[in-house]
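Participant: Protein chains in written order, with our numbering: chain X, 17 to 110; chain B, 2 to 488.
Derived from the structure by calculation, the hints contain no laboratory data.
Don't take each hint at face value.
Said to hold, decoys possible - Heads up, simulated DSSO-like pairs for lysine-lysine below, C-alpha to C-alpha not over 30 Å straight-line:
{"#": "1", "chain 1": "B", "residue 1": "K412", "chain 2": "X", "residue 2": "K39"}
{"#": "2", "chain 1": "B", "residue 1": "K112", "chain 2": "X", "residue 2": "K85"}
{"#": "3", "chain 1": "X", "residue 1": "K94", "chain 2": "B", "residue 2": "K54"}
{"#": "4", "chain 1": "X", "residue 1": "K26", "chain 2": "B", "residue 2": "K112"}
{"#": "5", "chain 1": "X", "residue 1": "K94", "chain 2": "B", "residue 2": "K412"}
{"#": "6", "chain 1": "X", "residue 1": "K85", "chain 2": "B", "residue 2": "K412"}
{"#": "7", "chain 1": "B", "residue 1": "K85", "chain 2": "X", "residue 2": "K94"}
Listed below, chain by chain, are the residues.
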Amino acid sequence: MKISPEEVAKVARLARLELSQDKIDQYAAQLGDILGYMDKLGELDTSAVAPMYTPVDHVSVMRDDVVEKRYAREDILKNAPETDGAFFIVPRIV
Amino acid sequence: MPELCSRSLTHIRQALAEKTVSAAEVTAAALTRIEATEPAVKALLSLQADEAKARAVELDAAGPDPCKPLWGVPLIVKDVLATKGVPTTCGSKMLENFRPVYDATVIERLKDAGAILLGKANMDEFAMGSTTENSAYFTTKNPWDTGRVPGGSSGGSGASVAACQAYGALGTDTGGSIRLPASFCGIVGLKPTYGRVSRFGMVAYGSSLDQIGPMTRTVEDAARLLQVIAGHDKRDSTSVDAPVPDYVAALGKRKDLSGLTIGLPAEYWDEGLSPEVAEACANAVKKAEELGAKTVRVNLKLSQYAIATYYIIAVAEASSNLARFDGVRYGHRDTTADSLIDMYVKSRSTGFGEEVQRRIILGTYVLSSGYYDAYYRKAAQVRRLLRQDFEAALTMCDVLAGPVCPTTAFKMGEMTSDPLQMYLMDIFTISTNLAGLPGMSLPVGLGRETGMPVGLQLTGRAFDEATMLQLAHVLEQNVPATGLATL
């Protein structure tokens with residue numbers, strides 16, 4: 017599978033990443049190699065195989081919907097790049 | 002090296018319990034050892050010396066507690082595990098100033114067991130890598146030869162334990178990240194069955210693959226650490242509510258290997274091994290036969306598809322997990338941006354390193370509309386077939402054995418230019434994670450050519466770590482001693 021620099025740029029945008037043109041070209045070549053290697057899975061007929069998304073075949077674990085206050089607001093906010101002491105602050109949206 | 006530092010975890014906990022040595026003495030010796038070796042090894046991203054000393058004094062004042070199986074034992078943990086109030090960087094600039102407000106479940110359990118945490122170990126950024134060269138801070142060196150890599154991604158943990166900076170460490174293993182550095186550094190590393198250990202508080206990479214496990218200098222040490230961290234946790238819904246056997250007691254129940262059958266996967270033994278790895282591993286298997294084990298050739302026919310399957314699933318899960326790093330609630334924020342989207346983009350582009358960005362892009366690609374079925378769904382289907390392969394093989398034997406890696410530790414910089422070449426080094430370890438089975442690396446001597454440690458990989462049935470540990474314990478005492486790195 018070949019992947020074009022335009023596709024790399026598009027996927028990067030979807031992933032909220034911004035790449036220089038050099039990086040885009042470099043990744044396109046590297047990802048092309050990697051995807052080419054991955055294409056070998058096409059050799060296997062898996063039409064009758066159910067996908068396995070996790071090794072533990074457990075059902076959804078349910079618990080009572082109870083509110084617990086485990087952490088203090090000021091402690092949580094300490095890790096934030098910008099706050100007003102009560103909320104996370106982000107660049108203006110509207 | 003001070004004799005106190007080179008002892009096993011099992012020995013030191015006994016000495017501590019009997020008060021022949023104090024927690025303060027052991028901690029001071031470990032910190033001195035760290036100071037002496039760290040310039041050469043660079044295993045640690047942060048050191049909590051003052052906290053460790055204070056904790057040791059506290060423990061000594063209270064006296065040894067027989068209910069605390071790690072009372073006074075200094076340990077190191079990988080920097081991917083949340084430690085309350087202590088930097089947790091994941092080897093990334095993205096989390097340079099992050100201090101979690103809670104402890105990971107495994108950290109709580111170590112503390113409850115009386116352990117003393119000395120510091121946080123270096124790692125490939127967000128656990129993505131096989132050499133620790135992808136750390137955003139510095140590269141850890143292999144204590145056996147500082148021109149070589151320690152393996153990764155838990156390379157800091159592996160190098161620290163091999164350098165006798167601590168009596169054990171926790172690593173994490175998504176595709177071999179405990180077993181590979183254990184093999185390269187000549188120590189024991191165990192990846193538990195998926196679901197055996199809670200991942201609450203571990204920064205996620207590949208959620209259907211990740212497990213936390215012990216890295217130690219002896220098999221019994223690994224059993225003791227596993228004993229403390231294993232078990233159900235309601236905060237991790239993938240942790241399984243099943244009884245945890247007494248692993249240490251299990252070790253005492255077996256003096257030889259009679260009645261055990263070891264499966265030798267043809268695909269792991271027949272080609273591509275460096276002669277020194279093949280020789281050391283084959284000698285270990287021969288020794289196992291002399292000790293009463295039966296061996297049987299088995300096939301894992303789909304092994305050739307494992308790397309492709311693994312890297313599709315791992316990067317897909319990584320791209321989802323790492324979406325949370327947006328510069329809003331924690332982590333790095335680029336302050337030059339003037340809109341919200343621009344802030345996300347710039348923060349992520351300047352906060353994540355190159356390999357992480359490559360995997361996020363690849364993961365986003367294989368999950369994107371139009372490619373999802375061809376890559377992600379296809380890989381999930383092949384994953385089921387791979388597990389069936391292992392299940393079939395494990396009906397013919399109790400444990401599988403093979404090399405951890407085709408080579409011993411390679412030289413720094415040898416693999417950094419070609420990501421695909423690097424991914425191929427994980428060939429023997431990744432299937433264990435895809436199948437969710439327990440695996441471990443046992444040192445079986447030094448390679449004839451490089452003089453570097455060789456690890457034998459054991460893979461057990463799901464939730465049967467005990468049999469794997471028993472086999473490793475008996476074998477450990479009968480293979481050529483790997484010894485300690487001279488530093």
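Participant: Name the hints, by number, that the structure is in violation of.
Facilitator: Structure breaks hints 4, 5 and 6.
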